[in-house]
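**Q** The chain contents come next:
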Amino acid sequence: MAVVNGKDHAALADVFNKDKARVGWHDETLWFVRQKRDKAAHGIAEWEQLRQTASDIKDHVLSRLSQYLVEFETRAKENGIIVHWAADAEEHNSIVLGLLQKAGVNRMVKSKSMLTEECHLNEFLAKKGIEVIDTDLGERIVQLAEEAPSHIVLPCIHKKKEEIGALFHKHLGTPAGNADPQFLTEAARQHLREKFLTRRVALTGVNFAIAETGEFVVCTNEGNADMGAHLADVHIACMGIEKIIPKREHLGVFLRLLARSATGQPVTTYNSHFKKPRKGAELHVVLVDNGRSRQLARKDFRNSLKCIRCAACFNTCPVYRRSGGHSYHTAIAGPIGSILAPNLDMRQYADLPFASTLCGSCSNVCPVKIDIHDQLYKWRQVLGKEGYVPKSKELGMKGLAMAVNNATMFSVGGKLGRWVMRNTPFVVNNGMNPWFKQREMPEAPKESFREWYAKNRKEG
Amino acid sequence: MSSRDKILAVVAAAQPDALPLPQVGIQPEKRDVVAQFTAVLTGIGGRVWHAADRAEALQRLQEGYTEREQVIVLPDHQDVVDTSMLDPHLLRDVDLAIITASLAVAENGAIWVTDEALVQRVLPFITQNLAVLVPKAALVATMHDAYAAIGKMDYGFGLFIAGPSKTADIEQSLVLGAHGSRSMTVVLLD
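Protein sequence lines, in the order shown, are assigned to chains X and R. Residues in the first sequence are numbered consecutively from 28, following this note's numbering. Residues in the second sequence are numbered consecutively from 1032, following this note's numbering.
One or more of the hints may lead you astray.
[As the list claims (entries may be wrong)] A few chain X residues facing chain R, derived, Cβ under 7 Å:
1. GLU73
2. TRP74
3. THR80
4. ILE109
5. GLU174
6. ARG283
7. ASP398
[Stated by the list, open to error] Below, simulated BS3-like cross-link-like pairs (lysine-lysine); rule was C-alpha separation at most 27 Å, straight line:
8. X:LYS396 <-> X:LYS129
9. X:LYS129 <-> R:LYS1037
10. X:LYS197 <-> X:LYS63
11. X:LYS274 <-> R:LYS1061
12. X:LYS66 <-> R:LYS1037
13. X:LYS333 <-> R:LYS1167
14. X:LYS187 <-> X:LYS34
15. R:LYS1183 <-> X:LYS274
16. X:LYS45 <-> X:LYS420
17. X:LYS396 <-> X:LYS274
18. X:LYS47 <-> X:LYS274
19. X:LYS45 <-> X:LYS187
20. X:LYS63 <-> R:LYS1061
21. R:LYS1183 <-> X:LYS104
22. X:LYS274 <-> X:LYS333
23. X:LYS333 <-> X:LYS396
24. X:LYS473 <-> X:LYS485
25. X:LYS326 <-> R:LYS1167
26. X:LYS326 <-> X:LYS396
27. X:LYS420 <-> R:LYS1037
28. X:LYS442 <-> X:LYS473
29. R:LYS1037 <-> X:LYS104
30. X:LYS442 <-> X:LYS420
31. X:LYS303 <-> R:LYS1183
32. X:LYS333 <-> R:LYS1183
33. R:LYS1037 <-> R:LYS1061
34. R:LYS1167 <-> R:LYS1037
35. X:LYS306 <-> R:LYS1061
36. X:LYS274 <-> X:LYS104
37. X:LYS333 <-> X:LYS66
38. X:LYS104 <-> X:LYS303
Calculated directly from the structure, the hints in this document are not laboratory data. Just so it is clear, CB atoms sit at the ideal spot from N, CA and C, and this is done for glycine as well.
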């Protein structure tokens, strides 16, 4: 089974679950974000039409992706943008390194880019002696803590303000014990402003790239991507090849959906359209495959590539909210991450499609209508067939399959289970039973529904 | 084979049969754009004022600013002098920047500007406070209308700004003034 330091999702969730108060806070806070999303969505009468249109546009893009990539490249070059192609993470990282070396610098600022997390760019550059400063506040916090982001929109949602205060005291020299969000944000503003003003290379992610015009759009609330890009001599924008949309007018659809789905805001504060380099500056775009073409070839899983990274599926997921982002041990956690990661490495991420109740809430909130819970279910079949499911789970599943396929065994098994729960509850009410964790076992009914129905039908 | 050609070949082989490109036929209901713009921008931490003309707006916006503070007022047409070669770092101490936008969106409180209206792209971010003059007639209802107005416009850099810079990264507590401007005031001109 997939492991990180010997631990899979369930084991890592156990670590997170040790602090009950924090789990409760995490759960409630993300649910609050989900409610803000609902309020924003319900304020738009044509919301469902928007989702359908966005979904259809993305389906169309995936069906003509090679053509749109060429169109984007052609237009971008006409605009003066330098376009690079990277087949995998390694090539992406070496392209970025090459650009830094060419610029003759050993430090840069970077705004949020889940792609660079996926490629482990920071670790790679650190080994080459290059200092990278993450400038999104949440990302800077996890960087100072030497951790990975636990959420793609709210990178340090797993941290309490007191911990952030302590980190800032240690690294930025703020007074010990000060954990006021306003004060800490101001300290980060001053700290990062100096970085923006002194770094000559800035790297950003890309939210949307438009084939028709060769421009790309970056969305932030903090303004950090722009502070970096407009003050630097060299701007490097890194994007997965699935970020292409056909026309500029399609931004109307996606920008209406993105922030409302993510945080419940009507739109992100800054929506920057980069079409040409600033006079005297360089603008680079790195188009990265890194397994996306492989996912595109998987009929059952290709539409995971429609994702616009809003994280609505994280915020609504009962498993994510109670297990925390780090339990997913991958750059993109949550339900969408659990269908993207097995494509990158089936063995390492075989546990993730099982980190779900298949309740379907993720699919219901997805602004581009990805059938996330169906894909989680389908990954389980694929992983089972390929031999990546652990024996214990396989035996349990086989046992259950046998029981539900055999009426006598099902009825005897049910009777036995109810008798055990009524007469020897200690057999199930203990730590050996994963269903007993964080909850009481229910009182077992005296008879099964089938018995009740047989009796009552006769009486009726 | 270059990575480019390899990626394009693999993608072409992997992509399914072509699906149609949908028309964006979304027609939101009519609304009072001034009222909605005001309510939404106020709701996300911005301010909305009204003024009869540009002169009145500029006077009110600069009230309270002393000579020791840096105020940049950009003309409504950037035809005076090409300042795009200026070092953007020179703008590091700007306290107030007043710019003019020719498009604003009621549904999300956003204003649209391109680098022609900015002197330097970094200006609306690096300034401590941002003010934007917008003729009332420039208000449209939704982002669909906004992109219809932008059309095929050629620009180097285009930008929607909706409110002051903000973050809620620390325990979801909303703080205004993350890295960009701490405040945003839109003055609607009659």
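**Q** Going through the numbered hints above, which ones does this structure break? Give me the numbers in ascending order.
**A** 2, 4, 5, 7, 8, 10, 12, 13, 18, 25, 27, 33, 34 and 35
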